[in-house]
Amino acid sequence: KQEVTQIPAALSVPEGENLVLNCSFTDSAIYNLQWFRQDPGKGLTSLLLIQSSQREQTSGRLNASLDKSSGRSTLYIAASQPGDSATYLCAVRNNAGNMLTFGGGTRLMVKP
Amino acid sequence: DTGVSQDPRHKITKRGQNVTFRCDPISEHNRLYWYRQTLGQGPEFLTYFQNEAQLEKSRLLSDRFSAERPKGSFSTLEIQRTEQGDSAMYLCASSFGGITEAFFGQGTRLTVV
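Going down the list, the sequences are from chains A and L. Reminder that position 79 of the first sequence reads as 79 in our numbering, one-by-one numbering, no gaps. Reminder that position 99 of the second sequence reads as 211 in our numbering, one-by-one numbering, no gaps.
Since the hints were made in silico from the structure, they are not lab data. Any given hint might turn out to be false.
[Unchecked claim] Partial selection, computed: residues in chain L whose CB lies under 8 Å from chain A: (1) Gly154; (2) Pro155; (3) Tyr160; (4) Phe186; (5) Ala200; (6) Leu203; (7) Ile211; (8) Glu213; (9) Ala214; (10) Phe215; (11) Gly217; (12) Gly219; (13) Arg221.
[As the list claims (entries may be wrong)] Pairs of lysine-lysine residues, derived as DSSO-like cross-links and limited to a Cα-Cα distance of at most 27 Å, are as follows: (14) L:Lys126 to L:Lys169; (15) L:Lys126 to A:Lys1; (16) L:Lys169 to A:Lys1; (17) L:Lys169 to A:Lys42; (18) A:Lys1 to A:Lys68; (19) A:Lys42 to L:Lys123; (20) L:Lys169 to L:Lys183.
[Unchecked claim] What follows is a set of in silico ranges between Cβ atoms, one per label pair, in the way DEER data are often shown: (21) L:Glu156 to A:Ala10: 12 to 22 Å; (22) A:Pro8 to L:Glu190: 34 to 44 Å; (23) A:Gly41 to L:Gly197: 17 to 27 Å.
The C-beta atom is built at its ideal place from N, Cα and C for all residues, glycine as well.
Could you put the whole structure together from the sequences, leaning on the hints where they help?
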């Protein structure tokens, strides 16, 4: 059974810092990995999708990497802003199934 | 089409009542998923449809839960005889095929009192 873990559970940084969020998964047989952002009481906004054959994806100040063999992904946020404050979730889609398995999320606060 | 739409956004119900939620996916998406999220946790898979066929159900989906997707368009999730433990955010997502990007709606927040 796939298990996804996100560390740290919460993170507080001053504005302008570069930061890294971590995601690990136990079963490396995945189709893809997706990073989401969730604001309090809201749904999920897709940030980046990395296919299993890819090593990284970039969108603006966000860069996500994938090391499938070691079961790890990182989300790098450059020059953080208060508007980046949210919960960040990673999710993997297994070869054997069709659902996404989510980690517990990292709650990020960027202080002005 | 602006994305996945869910209705209602919030629902407060008394224990024992039945509730029904609706999800309208992105129009060209053939896959539709339901997830449940409790406070401070990541979403957990409940069930998914490919077109009108319900292909998989989680063990979390007890007999009190039923989902439909008539004609492969919108979907409904019904919870019968609600319990306080059903209080959660119910999220709907859609995608084209099983390996493309999944898009989520804003969710329905259910509170059972």
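**Q.** Violated hints, by number in ascending order, as checked against the structure
**A.** 4, 5 and 15
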